[in-house]
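These protein sequence lines are chains S, G and E, in that order.
If you read the first sequence in the numbering used here, its first letter stands for residue 1, the second for the next number, and so on.
If you read the second sequence in the numbering used here, its first letter stands for residue 1, the second for the next number, and so on.
If you read the third sequence in the numbering used here, its first letter stands for residue 1, the second for the next number, and so on.
There could be a bad hint or two in this list.
As the list claims (entries may be wrong) - In silico contact screen, one side only, chain E against chain G (beta carbon under 8 angstroms); selected entries:
id	residue
1	L90
2	G94
3	G189
4	M193
5	A194
6	L205
7	N208
Unchecked claim - Covered stretches of chain G, as calculated for chain E (at least 3 residues, CB under 8 angstroms):
id	stretch
8	113 to 125
9	173 to 186
As the list claims (entries may be wrong) - Sample of chain G residues lacking proximity to chain E, with all beta carbon distances greater than 10 angstroms (derived):
id	residue
10	E25
11	V52
12	D62
13	R70
14	K99
15	H103
16	G164
17	L195
18	K197
19	R205
20	P219
21	I230
Calculated directly from the structure, the hints in this document are not laboratory data.
C-beta: ideal position from N, C-alpha, C; glycine also.
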Amino acid sequence: MTFSLAASLLLTATILGAIYLLMALGLTLVYGVTRVFNFAQGSFYVWAGYIALVLYKSFQLDWGLVIAITLGSMFGIGLLYERAIIYPLRRFAEWRWTAIIVTLGAALFLDSLATGLFGVKARLLPRIFEGVFEYGAISLTHHDLVILLTAVAVMIIINLFLGRTRTGMAMRGVAQDEIGANIVGIPINRMYGYSFAIAALLAGVSAVLLIPRLPLFPAMGWVIFVKAFVVLIFGGMGSIKGAVIAAFILAIMEVFATSFLGAVWSLPVCLIVLVIVLVFRPKGLFGVW
Amino acid sequence: MAILKCEKVTQRFGLLDAVKDLSFEVEEGEIFGIAGPNGAGKTTLFNVITGVYRGSGDIIFDNVNITRLRTYQICHKGLVRTFQIPQLFLTLTMLANLKVGAHFGSLGEDNEEENIREVLELLGLKGKENVIAANLNLCDKKLTMLATALTTKPKLVLLDEPIGGLSPPEVKEFVVLVQKINKELGLTIVIIEHLMKVLTKLSNRLMIMENGEKIAIGPPGEVVKNEKVIEVYLGRSKYA
Amino acid sequence: MVTKLSKKSIFFLVSLLILSLLPIAIHDNRHLMHLLILCFIWGVVAASWDLILGYARIFSFGQIGFFGLGGYTSAMLTLQLGVSPWLGILAGGGVALATGLLIALPCLRLRGMYVGMATFAVHLVLPLLARAGRPIGTGGSWGLHSIAPLYVGGYTFSSLELVPWYYVALGMFALFLFVIYKVINSTIGLAFMALRDSEPLAKNLGINEYKFTLIVFAISAFIPGIMGAFYVHYMGVVGPEIFSLANFLLAFVMLMLGGTAVFPGAVIGAFPIIFLNDALFPLLGFRLVVLGAIVVGVMIGLPRGLMEIPEAINRLMARRTSKKMTPLPETNQEE
């Protein structure tokens, strides 16, 4: 194992980890605030990818504009999703159970729609910046650098949002005690909407960043979703720190496994980690829930 | 003889000792009261005894060490509890609720139907068997919960704050009921309560807990005069 | 309650009678016969899923996994070892059951969604294993074909004559529905429902939560395993697509449409969905979109599924006879 090989693998792992972290963030944000496990998170990713694809290929828009529109649309889709699917359920007593079923149904619906409209062929999106940094034996594409920087930026922004803004703190309030939050006048419905919207947005960011690297096809959403889930479980539900560490450990394991054992091991590695965690330490590394 | 012995029971949650080195005994056939300020560890104690939490120390029931047993096994040994917030099988009828206890709890020794009928009569629930549990009022819910415990043919029943939310006449009825169960069925009863009037009336002996430790134990008359108890829990006003 | 059960039983028996006499009239219509056979197979699969998802409220999403596992097992055994298809089917059920228990063990100490994800992950990994499993005879991405049809005595079933297939399928349908019905109304069913409604109370009353969770996993894995094996012998081929999300969605929408935790909800859902699925074939990929939309729509609009309709009628009838002005059945107080 040469140094340059190890270094490039680690680099890839870091980038992959960053993406998984973003997706995991989306999942945990929704779960934290609404206590609903959104099965459609992967479908958000896939749809963001296809929206960007259509805008770029069919409408021939400038890539920067495409990103802007895609992200904006994803935010809107998140809001719409919550309003159309989650909100009507809340009038039932046992809605959280039904909600899980519904998000699964919605995910399958969105997947099938994507398959129907776009086919199963894998597509690639263009990179944000072309060009490569060469640093001795290590090369890092501009795009990969953007991924890393974006991921870090998003983490910081989300942290600031949750910690410093009124809306962010309101969301944390709902996550901790929904009834209490309601009593002090926090608009629960709006918070629910925002959490789904942000999750969809994060999926959009992940898609725009990752799809130039990893081809898009409708079933891809599930792969991403499972990995995001494993990151959450491994890191421990409710712990951002855990998610960060778990994302990178998982990414490292996956990158090394696929390098030496073959690409087909990408998902199984995740699942092995999942099984081990569930059997020996279901709470994960730093789990709160 | 002591039907329940807790020896140096400790239950820790992170850095908090909910129950600290607690030792006490309950005599067979008595009504043993437990009281104390909120957060004293009373419900936690019940949870440890019934196997919900695994604490350290020993819990000996009917001469059998039940510390390592699982909840359902403890039920089969003859120890059941009721819950502070009424737990019931809300989608099932009252009858079905009782059937669970009768079938799974009493190891099917007796005729289940007879068992259920007797318990229904004892608690005055006859005629409501076919009501879906979700539709019962609070008092009936609590009675049904108690009934399910009784259908398991237990030797000892742990009652966790059973009176909360009942009106004064209902409370009076409840006191009579507990005494009836104790006398007629020969059940040992351990009851957590806040209403001292009720507790002193019912209990043969009383234990006061604070911060996970026992600070007094003995006949009610003595315990309520204990200085520490007055300071920590009862207060000096005439409402104590 | 007693009269209601009898009503259901009567309905069930009459339906069975009609179904068993149907071939007399329709044996020429191969397509219709085929659809009905699918209804029988999928009806049972959906009903067994209801046991664990609806009655026990355990989020197990591995159902199709067991279905496919049973299919592959039987196919591989009959192709490689020349085992009789009947034995193969039994083995398929057995392997599914064993796998179900294996999965259940780590799930015992897990709550809600964790079990859901774990079982869903199993569902996702099985097609990968099937594709990679050429060395052990899974046929890789192409799957297996020329799988031996069933035979009874000297007669070998053929794909040309569907009547014998129909009757075997109907027999299994009746048998397994009966078994599921019995389980639901037995003390085992009572245990699941108790654990579902209040686990602390159930444990307190003597129910061994691990034992019953294992039992429900076992039953709800065995049955689809058997049906999967039968399906594979009927179709003569099996491939990784048996684990597809399309199949998952099929069973899922049947269950949701028919109604969870109401017997025979899932079965009632199966028939319309199979026919709808067939009718929508020209739509190709969009067929699944419709099914997905139905799931979402049903859960929002009619969460207790189609079974809500006869139940609602029953309630209205009861209210009518009591001559009071009562509001419509509330949906807020349910389970």
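Can you name, in rising order, the numbers of the hints this structure does not satisfy? Going through the list in order, the structure violates hints 1, 2, 3, 8, 9, 11, 13, 14, 15 and respects the others.
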